[in-house]
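Protein sequence lines correspond, in order, to chains A and B. Position one of the first sequence corresponds to residue 1 (my numbering), numbered consecutively onward. Position one of the second sequence corresponds to residue 503 (my numbering), numbered consecutively onward.
No lab work stands behind these hints: they were computed from the structure. Don't take each hint at face value.
To be verified - Think about it this way: if two alpha-carbon atoms lie no more than 30 Å apart in a straight line, the pair counts; the simulated DSS-like pairs of lysine-lysine are:
hint, chain 1, residue 1, chain 2, residue 2
1, B, Lys-680, B, Lys-506
2, A, Lys-7, B, Lys-506
3, A, Lys-187, B, Lys-743
What the hints assert, rightly or not - Taking CB as the label site, the calculated pair distances span:
hint, chain 1, residue 1, chain 2, residue 2, range
4, A, Cys-265, B, Arg-694, 21 to 27 Å
5, A, Arg-78, B, Arg-660, 54 to 60 Å
6, A, Ser-492, B, Arg-689, 15 to 21 Å
7, B, Arg-689, A, Phe-478, 53 to 59 Å
What the hints assert, rightly or not - A partial selection of chain A residues facing chain B, derived with a Cβ cut-off under 7 Å:
hint, residue
8, Pro-30
9, Met-165
10, Tyr-182
11, Gly-183
12, Ser-185
13, Arg-337
14, Gly-338
Keep in mind it's a predicted model, so treat the numbers as computed, not measured. Cβ coordinates follow ideal geometry from the N, Cα and C atoms, glycine included.
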Amino acid sequence: MNVSGFKQELVFIISSVVILFFILLGVFSPAVLDYLSSGVHSFILDNFSWLYLISAFFFLIFSLGLALSKFGTIKLGRDNEKPQYSFFGWLAMLFAAGMGIGLIFWGVSEPLVHFISPPPFLSAGTPAAADFAMTYSFFHWGVHPWAIYTIVSISIAYFSFRRGMPTLISSCFYPLFGERIYGISGKLVDILAVFATIFGTATSLGLGALQIHSGLSHLYGISSAISVTVGIIIIATALFMASAIIGVEKGIQTLSKINITLAVCLLAFILFLGSIPEILNLFSSTLGSYTNNIIDISLQSYPFQGESWSREWTVFYWAWWISWSPFVGIFIAQISRGRTIREFVLTVLTIPPLFTFFWFSVFGGSALLLERGGAAGLAQVAGEDASLALFVFLEHYPFPALLSVIALFLLMVFFITSADSATVVLSSLTSGGGAFVKVYKKMVWGLFLSAVAIILLLTGGLTSLQIMAVTAAFPFLFVMFLLCYNLYIGLSQEMVFKKPEK
Amino acid sequence: MFEKTLIPVANCEDGKELKRVIITLKDLGMNSVILFHVQEGGLLFGKKGLSWLKCSLKEDLEKEGLEVETLTGNGHTATAIAETALFENVYAVYLKARKKWNVETLFLGSVSRDILRLTDVPTFVHKIRPQIPVDGGAIRHRELVIVYATDLEKASYRPLPYLKEFKGAKCYILHIRKRRADPLSERMWKERVEEELSKLEEELRPDFGEVISEQRVGDPATEVLHTSERINADIIVMGRKEPSFFSAPMGSTAERIVNESAASIFLVP
């Protein structure tokens, strides 16, 4: 490889070497890896948990500011470009990108876990704890994650489709770095995006694998040994890598559509077989409580009442969304070409969160109603093993085995589609933003993604996954602040161009 | 430019230094000077007056062929100076940066800052450069290096007539701008700015010994300060813009330059 070739591949070389080092450390010295990651994680949480809270709130305000200001009319594409997808097709893809495995994993268990283990100032299992559980589930899955995605999406879409630059995070830094985006500074930004994506996606894959394993154990009594989880990841890896390498885009799209349809059917099934008025009542009440308290809970860490709860939940979620943002952001940007900033932001901040709220009301709300109605043990199960709660919950409905199989299918397809998309995005990020990526890069990233998920599961399970999501997101948080600055500069210059010449 | 200049004077003024300054300004074209003192109410020794100024200094300066007027005002110091400058139709206000702990580049006092913000006439803030000749000699125009800082917007064209009065000096036109958002716009913008700067160069060339232009990307205050130090500039000529929202807590570009520069600043509102 000559010097210019080496420079072009710098992002790929550095990020893959660092990830490989991480994997080898996990294989040969898991204790050291655990010690290091826990140390960094504790340092970040002890000193910067407030920063995550303020940042997510800032990104929300910034996104709304963009939509409601004069910048709202700017198109994410050339002026005469039309949106590539129909409105409903676009919405379906937005939902699919933002929902993923996480919503299936946490849909039942999160409200139950908050209900049984609320912060110290609330008594567990009380109506107040139930209200708190639902409001915070809405909060963690509401407008903030979408605001985080919005920052990355709009930046990528604006600088790529309107300014004609490569689809890379570093392209968005041109106003700040100038030609240095092609140098070390730009490469560093892309490397940070790769790290965030790989650890964020590995966390989701780890959660998915854990839940698939729990479901299989629960249904068919398969051994609960961690080696089975590893086996599930290996099988899924073979499937998603085949899809990514062969490029069966149509197949994946069809699977995604089937998945969304199945998810909606499952939702409808639970809704209609549950108590519809109670669920809808829960939906409207929690929506009211959420919107009424959004500023307070956005910045609240309960410093005098035990801030560890906020660190374990809210900070983890914000970090997880941030680590997902390069991957989801690039995907959402690609499907949003031709839409105005106002249309993009207002849609993204309303419709997908509303659907998610409904999902939580139906699954989490029904689970809470069952628990409060005397189905003892559901919350206990969620508290002990969050991945099992969904399957125990489904036992309270007709055809539990069929429902569980559908849930397993949903998880598996989400696993494959997410990992497939993440592999493509990672390969593109490490190939200068080009659409055509070499096969070996897809293989490397596919294998690394699964290897990281396995290493994290082996070193500490769910806790390790959460630790790495928080740690990898931290540097990207600063990248996101700079994205806001660069975007503002770029959009301001649009306004100058629109003014009549002096 | 300095034909009729208002010089604020304080009780603690060093008469000899003031005289040297005024003689130097005479070399730069001054023929009439207003020495203006603001009495601060409530000060124990505030009403002492400036009798020394009215007697000896005035006589000395009149002997040099200058028209000298001494005026006294009261109230808010900066407002009084700004109002008097306007009513007396002066061409410029002269402020000498005071030497504190031997560091002349230290922050200006609040009065000077307020004058820069309030006055509607050009203000000359004299910092370390150009040095006033100790032996009573004159500052020669052709030895001066002038930086004309411009963003090529309306406010930055106002200093042009004043700038041209530094005839024979070396003029360095410095344009500072933000980088455009993509390489193509950046290249087009750069070319457009180069055209504008060439036109400016042509316009200024007849009045100056040498005219050079440069465009830089970055923070205006930082770039002006950096360039003025790099080329050892004597005077920075710039227009004053309306303060933005953020200039209240952060300080305007002009304020930052005035505070930190070793070169003098000629600020045209």
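Verification of the hints:
no. : hint                               : verdict
1   : B:Lys-680 to B:Lys-506             : violated (38 Å)
2   : A:Lys-7 to B:Lys-506               : violated (63 Å)
3   : A:Lys-187 to B:Lys-743             : violated (38 Å)
4   : A:Cys-265 to B:Arg-694: 21 to 27 Å : violated (59 Å)
5   : A:Arg-78 to B:Arg-660: 54 to 60 Å  : violated (39 Å)
6   : A:Ser-492 to B:Arg-689: 15 to 21 Å : holds (19 Å)
7   : B:Arg-689 to A:Phe-478: 53 to 59 Å : violated (29 Å)
8   : Pro-30                             : violated (46 Å)
9   : Met-165                            : holds (6 Å)
10  : Tyr-182                            : violated (10 Å)
11  : Gly-183                            : violated (14 Å)
12  : Ser-185                            : violated (13 Å)
13  : Arg-337                            : violated (16 Å)
14  : Gly-338                            : violated (19 Å)
Hint compliance for this structure: hints 1, 2, 3, 4, 5, 7, 8, 10, 11, 12, 13 and 14 are broken, all remaining hints hold.
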